[in-house]
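J.: Here are the chains, one letter per residue:
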Amino acid sequence: MNDYMIELRDVTKRFGSIVANNRINLGIRRGELMTLLGPSGCGKTTSLRCITGHNIPDEGKVFIDGIDVTDIPTHKRELGMVFQNFALFPHMTVFENVEFPLMIRGINKREREELVEEALQLIRMKEYESHHPRQLSGGQQQRVGLARALVYRPKVLLLDEPLSNLDAKLREEMRFEIRDLIDRMGITAVYVTHDQAEALALSDRVAVMNRGKIEQIGTPTEIYDSPQSRFIADFIGLSDFLEGTVSSIRSDRGTAIVKVEGLEIQVVAGPNMEVGKRALLFIRPNNVELFNKTHKGGTNTFPGEVEKITYLGDRNDYRIKLGSNIRLRVQSDSKVRFRVGEEVKICILPDQCRVIV
Amino acid sequence: MKPKMLLCILLLAAPLALFGTGVAEEVPEITLIDTNSGANFQWYWQTQVIPAIKDQLGVKVNYIVSKEAPLIERMKAWEPGKGDAHLLFVKPGTIPKALDGGVDLETLYPDKVDVIPNLNKCPKEYLKTVLGVSIDGKGALYWRSQYALIYNSDYIKEPPTSWKEFYNRRAEWKGHIGIVRPDAKSGSSYRIPYSFLNAYVDMVDAQGKAIPLEDLQESNEGKDAFAKLINFYTYAKLPLPAEPPNMFEDFNAGDTWISFYAMDYSLWSRHQGTMPPSIKSGFLEEGMAAGSDGYLLVPVDIPEEYKATVYKVVNFLLSDDQQIRLITTMWQYTGTDIWDKIPGIVWDTIPPWEKMEQSRLRIGNSEVKNFIREKGADILIP
Amino acid sequence: MRRGSKLRSTGVTLSLLLPGLACFFGLFFYPMMVTVVRSLRPEGSDTGWTLVNYISFLSTAKARDVIVLTFTLSLSATLLSILFSVALALILRKKLGGHRFFRLTMIIPRVVPGLIGALGLLLFFGSRGWFNLLVMGVFPFVEKPIQINYTVPGLILFYTWLYFPFTALTTLSALESLDPGIEEAADVAGANKWHVLRYVILPLIMPGILAGSVLTFMAAFGAFSIPLIAGGNYRPLSVEIYKQIDLTPARWSAASARAMIMAMLQVIFLTIYMRILRRRSR
Amino acid sequence: MNLLRIYVKSILRGRKVLIYTFLLCFGLIIYVPFIVIMLRSVGKNWFGRLWLPPELTLDWYRWAVEVTKIFRITLNTLIIAVIAVAISTLIGIPTGWALGRRKIPGKELLMAMILLPRMIPPIAYALGIAQVFYRLHLVNTHFGVALAHVAICAPYAILVLSATIEGLDERVLEASAVCGANRFKTFFHVILPLILPGILTSIIFTFTASYNEFTLTLMTYGKDTVTLPVRTYLAIGEGYWEVTSAMSIILVIPSIFVLFMIQRQVTPEKLVGGFKGL
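Keeping their order, the protein sequence lines are chains A, B, C and D. FYI, this note's numbering numbers position 12 of the first sequence as 11, with every residue one higher than the one before it. Count along the second sequence from 1, then add 302; that gives the number in this note's numbering. Count along the third sequence from 1, then add 1307; that gives the number in this note's numbering. Count along the fourth sequence from 1, then add 43; that gives the number in this note's numbering.
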């Protein structure tokens, strides 16, 4: 038995001429919450549907708990799933909805009632058990959806953008509730979303997908801090990109100097850097510090001019013009304010400045 | 939007275009209203007779099929001299109904013999009364129709020659005897049971007066006749056909072998290829009900200038040519007694008139007839 | 001023409604009243009141048979339509190759005059029709043609052929407006296809099925042309009514009384049916 | 029951063979009657149990044209249908407008009332219509028969048109008024184009209803106003199903035309809409 609860091996799925999944390899460990993250149309839902069995891969195999389920119909895969649009049975009450998986499995009435009660208690919906789904709010419906997915203790819980139909505030609340529930149940979960904040906040590991392929798998920190492609850097969090050429590498210190429009920027050395080659610098706006023009220089400190300020409440978002042609987005807390046209000094933190080749 | 507009316009314009082409050129013509012809004779009138009238007399005939009741209603509303149905072709019963309704008819015989000389060839008794209906010379006899035994000679080599034989041999043809329901619209619905009963019990007394139904049902012969009739129906092809077309479907399938139906219709269908060529007709000696004889009438209230033309047409219809055509094309007995002029070959197909006339049964007991029509379904359907 | 404009507005509404109301009263309500009055008059008379037309019909055993037959035919046809429509709709929603063609096929019985359909069915199921040729050819033990025309099962078949599109169309549209996620949810929860159909799809499309089947039922209950030519020995109420006025002299009062009985039966039945439907969809 | 369950299950599982068998049977049962009619209409000397007619002929068509005057009857049917459609549409537009856009107390009841003719078997009021029309001498006139059809067609038209008009966007009308169009101009330049698809749907439905109408026609027709369904009925009763078949083939052609229009212009969903609502 291997230690993956779910494994996709070389899964390829085509819809006509569109390749929705292109040789996907993905292993999800027991008890882990894995998020499939990517923009719409990236193939994350297809992958999920390959796991559920609603899509049958054209090539490759799907394993659940070490068993090849590629040809096993959905209803025999012992899964639990939460849907984006809740997908509650409109003709059944909350109780009946949660009871449904148990009824299908032919569990006796008394046991059924116990399990449903327990599940409803878990999601704090006990008093709504005789309501119909349309009488509930979105958050309540989604909780019922969770209860329905978990009530028979499936091997795996699948969540297909479960929060995207909820409003912003509720979304954040539910995020923790879901995480909490999954932790308590100790269940393996696959979470599909296009919302990177959600992915980073919830997941044990994140698989970022783009154009039918997995671009990177890693913990949220790895994904955020060291994205392995421009796509990921761009997709997750705010990023500034600067293009330049590598002018020197100091492998003993693990740093390199990249020349961008006459500015020499010290960066963390990457694996395939060569002197003279082009390099793409990626900097998070909050990894740039802003000082007034009297600040004395240091590594990666350059003079610039404030072009535009956007007030964001807890921080300010600046557009800074560096030299003649470089524009950088910088975010800093709102206690210190600069004015438009003011000359400033910026410092790009060298240990947060990476190169994506 | 445009194709939809176009569609709307098309939908509305198509019939208008048809309107335009529907206008006929103005030609003097007479109107013939027919309430007596079935599908076969409607075909005959329209494809044979009317073109012949136009060719030989130069008269255009506007042929209309109608029913008795609306026809009489229509004529009642006429103002004198303004009638627009110049010639009528009807069943005998229509004549007294029209007269009772106040619609006056020209007395053709003997008043108009000079303009309709062929009327002299019609048997005189048919111009006085027929089947108990008084004609009084108001109509010209165009044809005599007869019901007969119809059978498929592929299955039946020796057909019965009497009702009694038919009844006694019924087991040979069990499930293959075609009998239309007693409550069907077709005349065969009551003619079959009436003719059958007549073979076992007298329907009319010696004076030709109808014997009351109650007496018939009380008498031993009557009881026996009814019992036999009920028994006979259980040998029919079941379920009983609701109308003749269904029976003919069974004939064509080979499921029905023998029946009792209007002779002309059956034989003509054979000729047209809508019934098998092995269909033959025969007669049963105790009597077979007559069909509807066809009479031509001329209303009094039509414009005078039309009358001469109408008489000419009537005379033409009674001419030997037309009458021979009638019997040779349609296998319908002629209205005129011109038996010696008819090609002998005809008698290979249908029985000679003298023989047929002997078994020609007039339905004289309307009480029995009405009883069959109303209650027959309840007592006869197995 | 305000009252004036309100009055004017009412006037406009009324004048807009006028054609519809005129049509309703002139072509439906008044003729219906004529039928009611006629049914209460002695036969052939324009004066006097009597219930004899109702009593003389209802007191016979035949009346019961006719009513039972009418209900048997229409309810069986409705039920058969439902079964057939559900299967057909389940297949057609998959959008297999040629599904557009079959969608079109589905409405043919409603577009083509019923009598032609009936003629074709009579020819097809007749004792020498293709159906019997096929049956007798395939099954050698069938020696006699199967009688379908002019039997009750045959009539039910004809009715179903003619009136199932109402049910099929509403069923299909109910099925297609169903959220596919709901089925997937049931599927993931461990329900096999039969369970999904039984516990999820059927309950959800039931209002659609019932709405369509009401139409099928009404059409079948009021069916006239089909039993008239293809009924043979079986005459439901509508034909029974027509036979009264097809006699000479026509029995208008008897026909009217039967028509009133038929209308009342249908309205009563529909009321019950709609109540069930409403409860279901609640 | 078990058998049924297995069958339904296999359909659900998507067993292609079974599904296509089912569809094939379905297609056959719908189309074969017409094929049989077609063959009967050209067959001669077709007796006993034969799959195909031994001889072919066009005699029955000639008969249908010469004797039953099928074209005259087609014309009657079309005239009647056009009158019925025109009257129904003229009734449908204002009444549909009132029901769709104006505030009317008891609107539900009014709607139910207007749809009542569809809840009562047509033969019930056909009796009354026949008696009234006899008295008014409307029997056996194209207008009279068409008027009888309106009893059935108008509720269709009102139903379809009130739904269409109800769906009109109020803002568009306001925009038109703001742009300076008077009521007349608004009606012709804004409302009419917007409700035209609805009118077309209504026309197709009422036309089909009138073209195929039998019960009311049978009660009100006369020798000058025989329509195709009535003629078919009479022909089936007269025997000569060969000729009846030939007539039916001629009669079915416009229906096929209508079918193709429906297919192009009206989605099945709309069709349901038209049939929906009692």
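Treat the hints with care, as some may be off.
[Stated by the list, open to error] Rough simulated footprint, nothing fancy, chain B against chain C, three-plus residues with beta-carbon under 8 Å:
1. 1433-1445
2. 1452-1458
3. 1475-1483
[Unchecked claim] DSS-like cross-link-like pairs, simulated, lysine-lysine; straight-line CA separation at most 27 Å:
4. Lys276(A) x Lys60(A)
5. Lys87(D) x Lys393(B)
6. Lys146(D) x Lys369(B)
7. Lys1550(C) x Lys487(B)
8. Lys59(D) x Lys362(B)
9. Lys112(D) x Lys356(B)
10. Lys1313(C) x Lys487(B)
11. Lys150(D) x Lys487(B)
12. Lys1451(C) x Lys459(B)
[As the list claims (entries may be wrong)] Here are some chain C residues the structure puts well away from chain A; computed CB gaps all over 12 Å:
13. Val1319
14. Ala1329
15. Ile1374
16. Gly1404
17. Phe1448
18. Val1503
19. Met1513
20. Asp1553
Hints in this document: simulated from the structure, not taken from any laboratory. Backbone N, C-alpha and C fix where the C-beta goes; we use that ideal spot for every residue, glycine too.
J.: How does the segment 1475-1483 of chain C fare against chain B when you require at least three residues with a CB closer than 8 Å, holds or violated?
T.: Violated, because only 0 residues of the segment 1475-1483 of chain C bring their Cβ atoms closer than 8 Å to Cβ atoms of chain B.
J.: Check whether the Cα positions of lysine 150(D) and lysine 487(B) lie no farther apart than 27 Å.
T.: Violated - the C-alpha atoms of lysine 487(B) and lysine 150(D) are around 48 Å apart, more than 27 Å.
J.: Given the hinted pair lysine 112(D) and lysine 356(B), is their Cα-Cα distance within 27 Å?
T.: holds, 19 Å
J.: Can we confirm that no CB of chain A comes within 12 Å of the CB of valine 1503(C)?
T.: Non-interface label fails for valine 1503(C): nearest chain A Cβ at 8 Å, not farther than 12 Å.
J.: Against chain A, does alanine 1329(C) hold up as non-interface, every C-beta pair farther apart than 12 Å?
T.: holds, 42 Å
J.: Checking a non-interface call: every C-beta of chain A should be farther than 12 Å from the C-beta of methionine 1513(C). Is that right?
T.: It is violated; methionine 1513(C) is separated from chain A by about 8 Å at its closest Cβ, not greater than 12 Å.
J.: If we take the beta carbon of valine 1319(C), is the closest beta carbon in chain A still more than 12 Å away?
T.: With a cut-off of 12 Å, valine 1319(C) remains clear of chain A, as the shortest Cβ separation is near 39 Å.
J.: Is the coverage entry for the segment 1452-1458 of chain C by chain B consistent with the three-residue Cβ rule at 8 Å?
T.: With 5 residues closer than 8 Å to chain B, the segment 1452-1458 of chain C meets the three-residue bar; holds.
J.: Evaluate the condition: distance from the CB of glycine 1404(C) to the nearest CB of chain A exceeds 12 Å.
T.: holds, 15 Å
J.: Does the structure keep lysine 59(D) and lysine 362(B) at a Cα separation of 27 Å or less?
T.: violated, 65 Å
J.: Just to be careful, I want the Cα atoms of lysine 276(A) and lysine 60(A) compared with a cutoff of 27 Å; is the pair within it?
T.: Violated, because 41 Å separates the two Cα atoms, which is more than 27 Å.
J.: Just checking, aspartate 1553(C) versus chain A, shortest CB gap more than 12 Å?
T.: holds, 50 Å
This entry does not satisfy hints 3, 4, 5, 6, 8, 10, 11, 18, 19, going by the numbered hints stated previously.
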